[in-house]
Amino acid sequence: MKDSQSNFFADVYDVVRLIPKGRVTSYGAIANYLGLKRSARMVGWAMNQSHGDDSVPAHRVVNRNGVLSGKHFFSGGEHAMQQLLEAEGIKVIDDQIQDFKDVFWDPMSELEL
DNA sequence: TACGTGACCACGT
DNA sequence: CACGTGGCCACGT
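Just so we're aligned, residue 52 is where the first sequence starts under this note's numbering, counting upward by one.
Hints listed in this document are in silico derivations from the structure and should not be mistaken for laboratory results.
C-beta: ideal position from N, C-alpha, C; glycine also.
Hints may be right or wrong, so weigh each one.
[Claimed, not checked] Okay, derived cross-link-like pairs now, SDA-like style, lysine to any residue, Cα gap no bigger than 20 Å in a straight line:
id, residue 1, residue 2
1, Lys152, Asn99
2, Lys142, Ile70
3, Lys142, His123
4, Lys122, Asn99
5, Lys122, Gly103
6, Lys142, Arg115
7, Lys72, Asp105
8, Lys122, Lys142
9, Lys72, Asp157
10, Lys88, Lys122
11, Lys152, Asn58
12, Lys122, Ser101
13, Lys122, Gly140
14, Lys88, Gly117
15, Lys88, Glu161
[What the hints assert, rightly or not] Restraint ranges, calculated between C-beta atoms of paired labels, are given here:
id, residue 1, residue 2, range
16, Gly127, Leu162, 28 to 34 Å
17, Lys72, Gly127, 16 to 22 Å
18, Ala138, Val118, 17 to 23 Å
Please model the entire structure based on the sequences and the hints provided.
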C-alpha cells in the first residue's frame, strides 16, 4: 500500500461520504477543502478509483459547472448517475443539474474549517 | 525513462 | 464572451 496516496484517497472519500442526501458538490470544492486547490483532477481520479465502493456516493460529485461529467463512468447505463440524483430529489436535465447553486454543498462553508 | 491522457479549474488573450 | 494555455498529480503505455 502506498501510504501517501491512500491517505489522499481516504480524505476524498471521507468528504464525499459527508455529502448530505439531496446535495451535491464539485471536485474543485473538495480539492480546495483538502488544500489541493489546483488539483481538482486528482479528486476526479480518486472518484474513478472509488467506483465500486458503495460507501462513496460519487454521483453527488459533479464539476463546478453542475454538469454530470462523470456519468459516463457509472455502471448501469448513461443515465444511472442522473437517476440516482433524481431519486434524492435533485433535478437533472440533459446532464445538467437544475438549481445547482441551491443544491450545492460546499464543505468549506458547511463544515467550516 | 519519457510522453500522453484525464470524472477539473483558473487565468490570459 | 469564447477559446486556448498552464497548472496540479497520478497512472498507463
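Hint check:
1. Lys152 / Asn99: 24 Å, violated
2. Lys142 / Ile70: Holds. Lys142 to Ile70 sits at ~17 Å (cutoff 20 Å).
3. Lys142 / His123: 18 Å, holds
4. Lys122 / Asn99: Measuring from Cα to Cα gives roughly 11 Å; hence the hint holds.
5. Lys122 / Gly103: 14 Å, holds
6. Lys142 / Arg115: At roughly 16 Å apart (the allowed maximum being 20 Å), Arg115 and Lys142 satisfy the hint.
7. Lys72 / Asp105: 14 Å, holds
8. Lys122 / Lys142: Given that 20 Å is the threshold and the Cα spacing comes to 15 Å, the pair holds.
9. Lys72 / Asp157: 13 Å, holds
10. Lys88 / Lys122: Violated. Lys88 to Lys122 sits at ~23 Å, over the 20 Å cutoff.
11. Lys152 / Asn58: 30 Å, violated
12. Lys122 / Ser101: 14 Å, holds
13. Lys122 / Gly140: 17 Å, holds
14. Lys88 / Gly117: 18 Å, holds
15. Lys88 / Glu161: Holds, because 17 Å separates the two Cα atoms, which is no more than 20 Å.
16. Gly127 / Leu162: 28 to 34 Å: At 31 Å between Cβs, range holds.
17. Lys72 / Gly127: 16 to 22 Å: At 19 Å between Cβs, range holds.
18. Ala138 / Val118: 17 to 23 Å: 19 Å, holds
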